[in-house]
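J.: Listed below are the residues making up each chain.
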Amino acid sequence: MNIIACYANKGGVGKTAAAVNLSFAFAALGQRVLLCDLDPQGAASFYFRVKPSRKLTEAAFFEDVEKFTKSIKASDYENLDILPANMGFRDFEVLLSQMKAPKSRLKQALKAVASDYDVIMLDCPPNLSTLSENIFRAADAVLVPIIPTTLSQRTFEQLVDFFTANDLSTAKLHGFYSMVQGTKSLHDETMGLMRAAYPANIMGSKIPFASDVERMGVHRAPVLVTAPSSAASKAYQALSEEIALRLAI
Amino acid sequence: MTLPKGLFYLLSGPAGSTFAQSPVGKLVPMILMQDAALPFTRLDLFDQSLRRSGRLLLDTGTDLKLMMADGVLIAQPLPHPQTLVADMADGPVKQMLADLSPLRRLLPCGSGTFASTAIGFVDDVQKIRCRAASHTLTSTDGRQATLVHLKGLRGYGQALADALEQIKTCGGHLFDMEDLHQLLFPLHPVPQGKPTVALRPDQSAFEAATQIIAGQVPIARQNEPGIIADLDTEFLHDYRIALRKIRSVLSLFKGVYLPDQTANLKTRFSTLMALTGPLRDLDVLLLERAATYDMVPQSLHDGLDAMFALRKTERSAALTKLRRHLSGSRYLKTMADLADVFTTPGVLDAGPKATRPVHDYAATLIWQRFQKARKIAGHLSAETPDAAVHALRIHCKKLRYLMEFSTSLYPQAQLNPAIKTLKRLQDNLGTANDIAVQLLNLQTFLRGADAWSQGAGVQIAQSVGALTLVLHQRKQAARQQTQTLVAGFASPHTQQIFRDLFHPRKPKP
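Chains as they are written, first to last, in my numbering: chain D, 1 to 249; chain L, 1001 to 1509.
Hint data in this document are derived by calculation from the structure and do not stem from the laboratory. Mixed in with the good hints, there may be bad ones.
As the list claims (entries may be wrong) - Examples of chain L residues lying across from chain D (beta carbon under 7 Å, computed):
#: 1; residue: Val1125
#: 2; residue: Ile1128
#: 3; residue: Arg1154
#: 4; residue: Gly1155
#: 5; residue: Ile1241
#: 6; residue: Arg1244
Claimed, not checked - The calculated lysine-lysine pairs, modelled on DSSO-like cross-linking and capped at a C-alpha distance of 30 Å, are:
#: 7; chain 1: D; residue 1: Lys70; chain 2: L; residue 2: Lys1266
#: 8; chain 1: L; residue 1: Lys1151; chain 2: D; residue 2: Lys51
#: 9; chain 1: L; residue 1: Lys1397; chain 2: L; residue 2: Lys1506
#: 10; chain 1: D; residue 1: Lys70; chain 2: L; residue 2: Lys1151
#: 11; chain 1: D; residue 1: Lys70; chain 2: D; residue 2: Lys111
#: 12; chain 1: D; residue 1: Lys70; chain 2: L; residue 2: Lys1026
#: 13; chain 1: L; residue 1: Lys1321; chain 2: L; residue 2: Lys1423
#: 14; chain 1: L; residue 1: Lys1151; chain 2: D; residue 2: Lys111
#: 15; chain 1: D; residue 1: Lys10; chain 2: D; residue 2: Lys51
#: 16; chain 1: D; residue 1: Lys51; chain 2: L; residue 2: Lys1254
#: 17; chain 1: L; residue 1: Lys1168; chain 2: L; residue 2: Lys1094
#: 18; chain 1: D; residue 1: Lys51; chain 2: L; residue 2: Lys1168
#: 19; chain 1: L; residue 1: Lys1266; chain 2: L; residue 2: Lys1026
#: 20; chain 1: L; residue 1: Lys1353; chain 2: L; residue 2: Lys1372
#: 21; chain 1: L; residue 1: Lys1266; chain 2: L; residue 2: Lys1151
All residues carry an ideal CB built from backbone N, CA and C; glycine is no exception.
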């Protein structure tokens, strides 16, 4: 079982779109996938038309294995289940910070469903917090979408520093370019520089800036379903294959 | 609510479409996929093995669909129409039919159309909360049955429970294959298994013998159309078994009928049997065709091709002759008369042993027959002539029939091991006999060389020579095995089993 976290410490970079489409791509290959929507905005759940469970309360969510597994819901696609966003997660970070040894809580909770799934994809909230650190420890790989701009380059550098400072392995970091616009020369230059600086961490696949991806909110389905032959779909497919190769999925 | 995976329900008539079109609680049905209706032909063996084992096999012209007893549907492409399971291409359906006789032909038994629909029950944001696969079968005369498979989705237990309730409201119930057959083909008779002879210990030997024979005549008769249509070789085989059983009862139950009457009946049944011999011999030979090719080197296969081509021609001639016989008015009258003899009271005259209770009578016959077989078995060696081995085989066969006729008279737990020991020996003797018959056939074939010595004559002779050599080796091997098996059969242990059952020592007063 592989735990893959899709993380960006900056909003609007195509993180959830990547988590949704990659989850679908792995599931379509026959992998049993659980997509955990840990982002309080609940975009991943929205894309799959899954409503968050009202019954869940924030208290001891990850401690209560039964509660955790019971809130998992099947998507409309074979092999793909969703742990929908829960409004309690907003308070969850506070809760975690108050608890003893909070760093392993998520890992313990995920262990409970490990036998049901081959891949657990975590769609993470966009900030560096206790929950984020928790996620980094639980995950086998951290996927980081990067818009090839100077600012994004800096935030990736900050993430590498955070990993180093907190004794986390930087080998877990797998960056990929997101919302790439071929016409912008700045994008080309930044991509070249970052690849040179982090040759092991930056993947080859690039997700283009595409209206098909934006329309996912209208169709409420992965772009791989609504526009399977689009450039964006092909890019997600290539990215899923690259990740599968890196993680031996 | 937790339900086991894969629940199948049966709905009759229009209830299937009612279910597919009705909301389930707040969820509405959405057609996810709909296949065009395909014509189907239901296939089954002559004895309805598939139906009896709760399976439904449909030939849709493009694929074979097999519905299992629990409602699971599997399919495999059907590139060519196949009617013998053994000849089907490998696939999941063939795998699940592995228990069927490889020699039996799948026969058309009813037809209609088959349509599949995938349904999703969706909520207000069009999210699927429960899935259903619906397979509607409509028979040619318009009878309809729908098999619904509900699939619950993780986290949506309530939707599954609601869908289940909806099925019940529509009159559906848990799937049962016989119910499906009854809904679609109510006019087809419910298949019966092989008739078992249930004798009572207090029955007279006369009554028992008459009951056994009366049961075998219809079995022989129901195989006639299959022989005439040449559907598969098992029709003739079963026909012959029925006649052989009748003949065995007539010769084994000595003194039950008057001697003249017994002799007359034996002659009539033997004559019927003899007419089927040539075709059966050729069937056996041709069924062994593939194995025969494996026995000789590739270089001699041309000769076998030529030999089998000749044999096939001979078979056609034998079949034509038997067809004419079975369809003739003389035969039909004979069979009707013979059936009457055993079903009309007063036709048969009671012999001197007619009134003996069948339990004691059968026990005496079995014990005497066992002793005869054991005597030969005890003296058997590698040098024993074929004729003596053949005699042992015949004794064993008669013993087996007697024991099978008497199954209802003795405790199964004791009778079964005795039958098992006997069966092992019979199988070996059967193999040895088949080889001996094959060798004899080859000699006869060589003697008739004038008919085929032109053309491929030399090639055929070479192949037959090689085949004879291999068969001789196999015969030797079978005979060696016979030695081991007869030792077990003639052992004091086996004798004790037979004694306890059929010839118990009387307690001392």
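J.: Looking back at the numbered hints, which does the structure fail to meet, lowest number first?
T.: Failing hints, ascending: 5, 6, 7, 13, 16, 17, 19 and 21.
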